[in-house]
Amino acid sequence: MGYQFDVSLVWRTLPVLWRGVVVSVELWAACLVVGLALGLLVALARLSPLRPLRVLGRAFVEFFRNIPALIQLIWFFYAFPILIGAQMTPFTAAVLGISLNTAAFSAEIYRAGIQSIERGQWEGARAIGMSRATSLRRVILPQVFRRMLPAFTNRAVEVGKVTSLASVLSVQELMYQGRILSSTFYRPLEIFTTVGLVYLVMIYPLTWTSGLLERRMARTT
Amino acid sequence: MQSYQWDFGAVLAHWPMFLQGLGGTVAISALAILLGILGGGLVATARLSRWRLLRGLGRVYTEFYRNTPGILHFFWVYYALPVVADIRLGPLEAAVIALATQSSAFYAEVFRGGIQSIRPGQWEGAVALGMSRRRALVRVILPQAARRMTAPFVERSFEIIKTSSLASTLAYGELVYQGMQVASITYRPLETYTVLALIYFALLFVLSSLAKLAEDRLREA
Amino acid sequence: MTTVATAAETDTAILRCERLSKSFGTLEVLKGIDLTVAPGERIAIIGGSGSGKSTLLRCLNFMEKPTSGRVILDGARVGRVRPGRDGREQVSYPERDLMAVRRRVGMVFQQFNLFPHMTALGNVMEGLVSVLGRPRAEARERATAELGRVGLAEKLDTYPARLSGGQQQRVAIARALAMDPEVLLFDEPTSSLDPELVGEVLRTILALAEEGRTMLLVTHELGFAYRFATRVIYLFDGVIHEEGTAEQIFRNPQRDKTRAFIARSSEFSL
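Residue numbers (the numbering used here), protein chains in the order written: chain Z, 1 to 221; chain V, 1 to 221; chain F, 1 to 270.
Looking at chain Z on its own, in the form it has when it is part of the complex:
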């Protein structure tokens, strides 16, 4: 094997990859915020006493979980604009696709969390005159967040990885920069290995935190 791994290329491309990292992180943050907020609404729909809302929530979850995220991105970029008759930037399409995907998965986390809270907590809240909404906000959800923190962290890890699909829509995030650099320098080994390591550095701290939280919770309960 006479191949020479060109380390200097790695150093030269890092500034470009860094620009990609910034876009990846922006995308990641936007999708998490929108996805987690939307996911709560979907979970509430799934737990609603109104049947049509429950069905709608269920359909949303099943739909977004059973279709590859790649298709969701492609659909929002190439198909959705035709439907609404307006153009959309690749970044917006990516945020839409990934957020809805995140909403579907996190809705199931919220739902499991809410269902895991003992009925007595609702009763305790109601007995001092709280409305359902106040009980949820003040008593139930804070406990759900705490209990489901490892699951939410895992979801954040998945979202971080899914943002790489935005490269297919030419969003200039890390994966996209890697593909461009690879074809510019004809050095795929150096470039893609570096991109992999950068992702590892980006995502691993979160995986590690999630593991730590899980172990800590296993100990306290």
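Bear in mind the hints are in silico, worked out from the structure with no lab data behind them.
Where a beta carbon is used, it is the ideal one built from N, C-alpha and C, also for glycine.
You may find that some hints are simply not true.
Stated by the list, open to error - Only part of the chain V face toward chain Z is listed, based on derived beta-carbon distances under 8 angstroms:
{"#": "1", "residue": "Phe-64"}
{"#": "2", "residue": "Arg-66"}
{"#": "3", "residue": "Gly-121"}
{"#": "4", "residue": "Ala-183"}
{"#": "5", "residue": "Val-195"}
{"#": "6", "residue": "Ala-197"}
Claimed, not checked - Covered by chain F, according to a simulated footprint, are these stretches of chain Z (three or more residues, beta-carbon under 8 angstroms):
{"#": "7", "region": "36-44"}
{"#": "8", "region": "135-143"}
Said to hold, decoys possible - Label-pair distances were calculated between CB atoms; the ranges are:
{"#": "9", "chain 1": "Z", "residue 1": "Glu-214", "chain 2": "F", "residue 2": "Ser-192", "range": "27 to 35 angstroms"}
{"#": "10", "chain 1": "F", "residue 1": "Ala-137", "chain 2": "Z", "residue 2": "Glu-118", "range": "43 to 51 angstroms"}
{"#": "11", "chain 1": "Z", "residue 1": "Val-33", "chain 2": "F", "residue 2": "Gly-87", "range": "50 to 58 angstroms"}
{"#": "12", "chain 1": "Z", "residue 1": "Ala-29", "chain 2": "V", "residue 2": "Tyr-187", "range": "34 to 42 angstroms"}
{"#": "13", "chain 1": "Z", "residue 1": "Val-10", "chain 2": "V", "residue 2": "Lys-212", "range": "58 to 66 angstroms"}
{"#": "14", "chain 1": "V", "residue 1": "Ala-128", "chain 2": "F", "residue 2": "Ser-23", "range": "51 to 59 angstroms"}
{"#": "15", "chain 1": "V", "residue 1": "Asp-7", "chain 2": "Z", "residue 2": "Ala-29", "range": "36 to 44 angstroms"}
{"#": "16", "chain 1": "F", "residue 1": "Thr-67", "chain 2": "V", "residue 2": "Glu-159", "range": "44 to 52 angstroms"}
{"#": "17", "chain 1": "V", "residue 1": "Gln-5", "chain 2": "Z", "residue 2": "Trp-208", "range": "47 to 55 angstroms"}
{"#": "18", "chain 1": "Z", "residue 1": "Trp-208", "chain 2": "V", "residue 2": "Arg-134", "range": "27 to 35 angstroms"}
{"#": "19", "chain 1": "V", "residue 1": "Gly-90", "chain 2": "Z", "residue 2": "Trp-208", "range": "36 to 44 angstroms"}
Mind docking chains V and F on chain Z? Use the hints.
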């Protein structure tokens, strides 16, 4: 917003292309699942090994795949692996290798989780009867663990089918790639990608119904 | 809220229920209960398991909605009444009305139901702030005073998980008291406590009795019921089988089932 004239007929006229794509998706997914089970078994064995070095290697392998995006592996295998290994890879081989290596990591976690979920008392009971470690594993632990592994195993296998869509980025003719071709022939991305989403939904919905049936059977047995 | 003030209801009753029934599916748990609670009364509700005593209590603050019958709080009927299709009245219970009732009728549960993510002080402040809209400083002052009253001035910043069962139940009592309820309901407040922790909770409840609070208590502790109650109700199979003063029910029950129940509760010593 003017109303859009839907025309699914133009898209569905190309059904043989979708069918071919479905064949491609099923082929690489099935291969990756089979190879992934084998690889996952090996990695899990390493992770549960008595030797520290093997445990460490197994851990590095799974952590690497857990913390880097799937699309990167497709590019790395297709463009970088041939450089390192001095081999030629077609899109099919590259896609299967990429999928199988990452699914090995995920299946390994399923196997390990299942085995570790069995209470130590079961090991002790088996060893107290004079069984060897291997015999205890085969006769006592695995039969119990198998039941707990089915749900995460099915979930992981669905992830593989969804991830196989990334093979489209290597121009391998699975569903998404074929769909893109249909979209560019018909100029009907809205209908095409909607059909594509529905095909995946139907495929995974049918499979999940089958899995549920099998799981119920297993529980009765 | 629809106010139906008839002559009979202009009396001094703080809480009344009339022909109160409750079914769960086909199971009829309460079969027409009539009960009038005057201010300052302390009523102990006793009975075997399945007699409906907890359900009765839970219907009074609408943790359960009665299947039929009416609940009248301070002269005003709870719920909204419309004439139904068949001429019989139809009652609906808007959540908003029930929230108002629960602010006035406090409840202490068997399982405490404290909020685990809040300190003792946080638990007691919560209703003051998020239900009554009091300023935080004022709520803190009030909550501190209530916790002091139940003997937990030292435990303000402790989380429920670090309190004993008896302490948790006293926090729960302080939480209910902080809302200034007109009536206080106790649903088997000592049933999930270790025996050595029962006393501190009972003493707290007796101290409230001396303040002249209106209270209803469901309990298995007949000895405590005897000391606590101005009136005792023996519930059997969803109806009030016998009622009277503690002296009458415990020393001289008139009906066979009551007598048998008192006798069966062998731990009971007056």
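Numbers of unmet hints, in rising order:
3, 5, 7, 10 and 13
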